[in-house]
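There are 2 protein chains.
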Amino acid sequence: MDVIASSANKKIKLVASLKQKKHRDAERLFIAEGIRLAEAAVEANWPCRFGLCTGTAAKNERVQMFLQQLEARQCPVYEVPEDIYNKISDTQQPQGVLLVLENGSSSLSSVISGAGASFILVLDQLQDPGNVGTIIRTADAVGCSGIIVMENSADIYAGKTVRATMGSLFHLPVVTGIGQEELIDFLAQHKISLLATALDAQAQPYFSLDFTVPVALVLGNEGAGVSPELLDKADQKVFIPMAGRSESLNVATAAAVLLYEGLRQRYK
Amino acid sequence: MDVIASSANKKIKLVASLKQKKHRDAERLFIAEGIRLAEAAVEANWPCRFGLCTGTAAKNERVQMFLQQLEARQCPVYEVPEDIYNKISDTQQPQGVLLVLENGSSSLSSVISGAGASFILVLDQLQDPGNVGTIIRTADAVGCSGIIVMENSADIYAGKTVRATMGSLFHLPVVTGIGQEELIDFLAQHKISLLATALDAQAQPYFSLDFTVPVALVLGNEGAGVSPELLDKADQKVFIPMAGRSESLNVATAAAVLLYEGLRQRYK
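Protein chains in written order, with the working numbering: chain G, 1 to 268; chain S, 1 to 268.
Derived from the structure by calculation, the hints contain no laboratory data.
Remember, it's a predicted structure, so these values are computed and weren't measured experimentally.
Take the hints with a grain of salt, since some may be wrong.
Copies of the same chain are indistinguishable here, so a pair counts whether it falls within one copy or spans any two.
What the hints assert, rightly or not - Cut-off 30 Å, straight-line C-alpha distance, at most; resulting in silico cross-link-like pairs (DSBU-like, lysine-lysine):
(1) K87 to K10
(2) K191 to K11
(3) K13 to K233
(4) K19 to K191
(5) K268 to K10
(6) K21 to K87
(7) K59 to K22
(8) K22 to K87
(9) K160 to K87
(10) K191 to K160
(11) K268 to K13
(12) K233 to K10
Pulled out of the complex, with its shape left as it was, chain G reads as follows:
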């Protein structure tokens, strides 16, 4: 490994800058930090720019195997001193390993499943990075064919979000920055039913809907819910019944309930 000894090094400055969305957007790069996430990116053949590793981390057996994989893929790795690494790390307990990755470039059509079994999750202006990451992880667990992230949603490439996906970000197509008209046209063209969570009188309990047809399930903003424009175009409106005295559910909880109803109905 080449060694980077100065915090003025361009690569160090780049990594530090990628904590900010504007730099992630400008460079079209983001960071996967920690051995587990970094492994998941490599296993998924995710396009990788370079890696950083501390001397201590490089002594770890699991990290050594990982570094060999990187070498086989011709992804350069640089050794950095502990103190510099810790300064640019985005985690509270730095593991001493990170990868700089290229933003995904999935096209909208990548979220479709070939067998007519599309099960698409649409995130409409969700704002909490941890929620978005947890929901991507759950969507992966139920076998969603892809995820569409609408304009004005939390950045899926934020460190906290990437970590909360536990690697699921690398497992299924995730398309970002989609506008309302583009989404509606796309779903109509592919005959995909739009299900949106709503609280109005037309909404049905989630378990009375048919998830076995091609569906796109929209989850809305934590406070405001699904945008009126998308609700208006929804083929079916759905709600999650509550039996107790809770006033609401966490949006990641709501996502788990709805996505697993899809798995339950599709389970063979």
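Since the structure of chain G is already known, use the hints to place chain S on it.
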């Protein structure tokens, strides 16, 4: 309102000390911070020792109504200067209102539903305060009859946990510090079926179980799962199928899926 002007005041010192579990245990007191949580405690008639409020917060209309409710319940409230309040606050954006509450004293039998429809959640050595709070909120949403928290679990009275329940802690009986034998005997005596999450060959998908009988659903520790002793005594072992490439689910996600299957089967 009486005014507390010094941070050396006993009540201020008490509130500051309640951030630590040892003091919460010794005093059998905990804190509900923020207007929404404080309101939920009062609405539930939760035993209240006293309240603290800043001058700024007391100008808010919602807070004023709340202070009137406290007065009607003869719960004393003290005004504290902003700087003192902010020092003892456990939140990043202090709202200037908190209540000192007495620990719950529900007996084990309080978690049973009279109509033979008991739906009990058992938390077995969960450690993450946020997860525990979110799970209590979901258990409330599905109408659980009560929650049993086993020995060696995260303290339900930690500030982060109380806040994550969003007030649900005050909505249903929560019993803490229960031992394995005590639990097993209790469930046997009341003919309540013990369902435990497991990964072994005997486990069935969660949706093939019968949640319409009296059940106690056990969720295990984030890393180690349900204790072997409880697994051994389980009437049925259950797993959550995964269709994608995720390796695991967040425990609060798993809780949502299992608890909502209970609601779905019981929904009329």
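Going down the list of hints, with the structure as the test:
{"no.": "1", "hint": "K87 to K10", "result": "within (15 Å within a copy, 41 Å between copies)"}
{"no.": "2", "hint": "K191 to K11", "result": "neither (46 Å within a copy, 64 Å between copies)"}
{"no.": "3", "hint": "K13 to K233", "result": "neither (45 Å within a copy, 56 Å between copies)"}
{"no.": "4", "hint": "K19 to K191", "result": "neither (39 Å within a copy, 54 Å between copies)"}
{"no.": "5", "hint": "K268 to K10", "result": "neither (52 Å within a copy, 63 Å between copies)"}
{"no.": "6", "hint": "K21 to K87", "result": "within (18 Å within a copy, 32 Å between copies)"}
{"no.": "7", "hint": "K59 to K22", "result": "neither (35 Å within a copy, 39 Å between copies)"}
{"no.": "8", "hint": "K22 to K87", "result": "within (20 Å within a copy, 34 Å between copies)"}
{"no.": "9", "hint": "K160 to K87", "result": "both (17 Å within a copy, 28 Å between copies)"}
{"no.": "10", "hint": "K191 to K160", "result": "neither (35 Å within a copy, 45 Å between copies)"}
{"no.": "11", "hint": "K268 to K13", "result": "neither (50 Å within a copy, 59 Å between copies)"}
{"no.": "12", "hint": "K233 to K10", "result": "neither (48 Å within a copy, 59 Å between copies)"}
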